[in-house]
Every structure is written in C-alpha cells, then in structure tokens.
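**Q** Chain by chain, the residues run as shown.
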Amino acid sequence: MPAAPLTACHECDLLLQPVVLTLPRSRAHCPRCGARLYSFHRDRLEKILALTLAALVLLLTANLYPIVGLNIQGNYTETTVIGAVHHLWQDGREALGGLVLLTTVLMPAIELGAVLWLVLPLWLGRRSPAFAPVFRAFRLAHPWAMVEVFILGVLVSLVKLAHLADVLPGPAIWCFGGLMLLLAALAGLLDGHTLWQAWDEAHPDDEAKPA
Amino acid sequence: MSRRHTAASQGLAVCEVCGLLASLEQHEHCPRCQAPLHLRKPDSLARTWALMLAAYVLYLPANLLPIMETRSPFGTQHDTIMSGVVVLWDTGSWELALVVFCASIVLPMLKLFSLTYLLLSVHRGSHRNTRQRARLYRLLELIGRWSMLDVYVVTLLVALVQVQSLAIISPGPGVVAFGAVVVLSMLATMAFDPRLIWDRAVPQTVPPDTSAASAEEHRHA
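Protein sequence lines correspond, in order, to chains A and B.
Numbered per this note's numbering, the first sequence spans residues 462 to 672.
Numbered per this note's numbering, the second sequence spans residues 2 to 222.
Pulled out of the complex, with its shape left as it was, chain A reads as follows:
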C-alpha cells in the first residue's frame, strides 16, 4: 500500500496517486482533464473561520439595510432585499420571489452556517455532529448562492433608474459588495478534500459517526 491512499479525479475518474503539496497556495490538478483536485494553504482552517464570521456579519447587515433609495419628484422609496421579494410576492409572482430570496439570502446563509458548523469544531480538533449531512447541505447550497450576480443586477438597476429619478445607493450595497469578495476568497480556500482530511485527523478514535 502506498503512503497516501489512491484517489480518483472527480471529473474524469482517472486513478491518481495524490501529491503532497507543501508550497503555500499551491493547487493540484488532474493531469488528464485539468480539473482542480485540492489545494494547500497555511493555517487554512483559521482563515476559513475568519472569512466565514465576517461574511455572516455582512450578510446580516446586507439584509437589514436598504439597497437602493429612489427619489421621484419628492416621493421617496427604498427597499431591502426582503422588501423587494415581498413586492414580487404581492404581485402574484411567488415562485420568482422565492427564487430571489433563495439565491441572495437563504443559500448564502445556509452555505456560511454550514461552513461554520463544520469548521469550528475541526479547528478545535473535534468532529461536529451530523458532519456528512451538513457537508452535503454546504455543497448543495454553494452553486445557488449568487451574491456576485445580484451586485451586478443592482448596478444595472441603478443605471436604468438614474435617468428617471435621483438614485441613492443604500448601505446594503457595500455589504453585498464585501460579501461578494469574502465569498470569492472562501471559495478559493474551501474544498471538500481539506474538510474531510481534517475530519479524518480530528480524534480518529472518537466514536462520533458523521451521519
């Protein structure tokens, strides 16, 4: 048996002998199809935790404050994400409102909450209960969190409204902008390989089962 157990590329199924990465911010790619396999970062769990906590704070404030305010001839309106979803709901577009709520609020919240749930105990050298289901929730939520697309949508709306009325960018824009950057940094640090490796190393004699 070789030093590290064999692995296989998740995109082309090629059997691989994992390379041990030692250089900071190095990344292993599949030699056949070029898929990203895993990466190495110093103090990765600490960094993930810091980014996740900051992102959770920003997500909360982004949803408490208005995104855009509009002044049309003395009529001032402003809206938060939840407020905008509420409008869609009232217009009878429940599915659409649900989609917006899901992709801008719920999925990022689930993703960040799951990461915190998984990584905080790992950082302390323990395994969190229900590790596998929570990891699955994280993986499921990740592609549906679309904060960066939402930011672009806000920008387009601002330009569209600018010739109609006075547009006032709200504090939530900056929160969403920051959240976008933090989520991008998190995506670069997080991979399933790392989390499960940390899980393997955390109290392996512990009776706690992931499921």
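Hints listed in this document are in silico derivations from the structure and should not be mistaken for laboratory results.
Even glycine gets a Cβ: it sits at the ideal position worked out from N, Cα and C.
It is possible that part of the hints are untrue.
If the Cβ cut is set under 7 Å, some of the chain B residues that face chain A in the computed set are [to be verified]: (1) His6; (2) Thr7; (3) Cys19; (4) Met149; (5) Leu157; (6) Leu161.
Given chain A, put chain B in place with the hints provided.
**A** Frame of chain A, contents of chain B only:
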C-alpha cells in the same frame, strides 16, 4: 499502476459527497460518510436531456413575453429582455447594455447549445477534443449563474418604482419563464456527468459492463 486506469475499470467508485475512493464490491455506501456509491451519476444522460429540453421550450416565452410592465399616465409599456437591452443602449450606457445582452441572451443560448453538443458527443462516443470538452463543461458550470441578472434587475425595479401618479412597474410573465430557464439549465449542467466524456473517449480502460454510461446508451437506443 498505469496512468491510464480509471477508478471504474478497477471496480472503484469515488464518493460524490466526501471524495473517498471505495470498492463497489465491498461497499454499497461510502464507508466514511455513508452516502450511496455510484460509478457515475445515476441516469445522467436521461436527466440532462430532460432538463435541457425543458429549458429549450421555456427559452421562447422567456424571450418573447414581456418581463416587465410599466404603467404610467401615458399608457402601459411592455418590455421584453431584448427591449430592455435596447433601452439601456439608448440611454447612453452601451457597456452595461453589452453586459446585459451577454448575460441574458448570449449566455443562455450558448449554454444550451454547448450542453447539447456535449450530450451528442457522448452519445456518438466521440474520441476527439476530450480535454476541450472537459474544459467547456467546467466553463458551463461557472457561467450559468450570470443569467440570473435580469431577474434581479426586474425584482429591484418592481420594488422601487411604485409611484401611483407617475409610474408603476410590475413583473411580466416572461421573467418567470426566464428564471425557470436559468434554474433548469443549471440543474441540467449539474445532472451531466463529465466522466462520461472520458469513458467513451478511452473505451479500452473501461469494460463496457461496469460502466453506468453504457447502460445509459441502451435506454436511448
């Protein structure tokens, strides 16, 4: 061990949840995370076809029906995706018009065509351009989400422009269809198993009866 062996050819399956390599003979579920083990995503081709065809069907109403209705004292104006781009162009912001045009019109179409090409090439058992096709698939996973742009724009405009005496914007039926196209094409991309590209390209490393992909072919034949 030869570099050309696939896990499937050795009776090994990668766990979809935790990535552990496990023998299918000994395990039905992943020994580490208890997820069910498969050589390939189950019914990948059939699911991808179904979701993709549904997205194609909805692509028409998404582009033809109005996504936004603006009621003002001067009458009611209906905006489709394309007319929204034109308005943005005319009001002096051609850069953003280009971005919206790409995200809302070019990307969804390109995505559906690319996925069709990937599916057809897998069915044909194509040996060519495997690496390029793998790269195309990764690109599809990356760009699909950007088509949500117009959905967000309509959401914000609807919430903000609600002045009785001047203008009231409400969402049109097109935006629902458009959102559905984005979701369906994302689901279709997720249902596709990129390993199928390689299974057919190097058939000698995968015995036909152990590959979930070959079972798929009989169903479609």
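**Q** Could you tell me which of the numbered hints above are not met by this structure, giving the numbers in increasing order?
**A** Structure breaks no hint.
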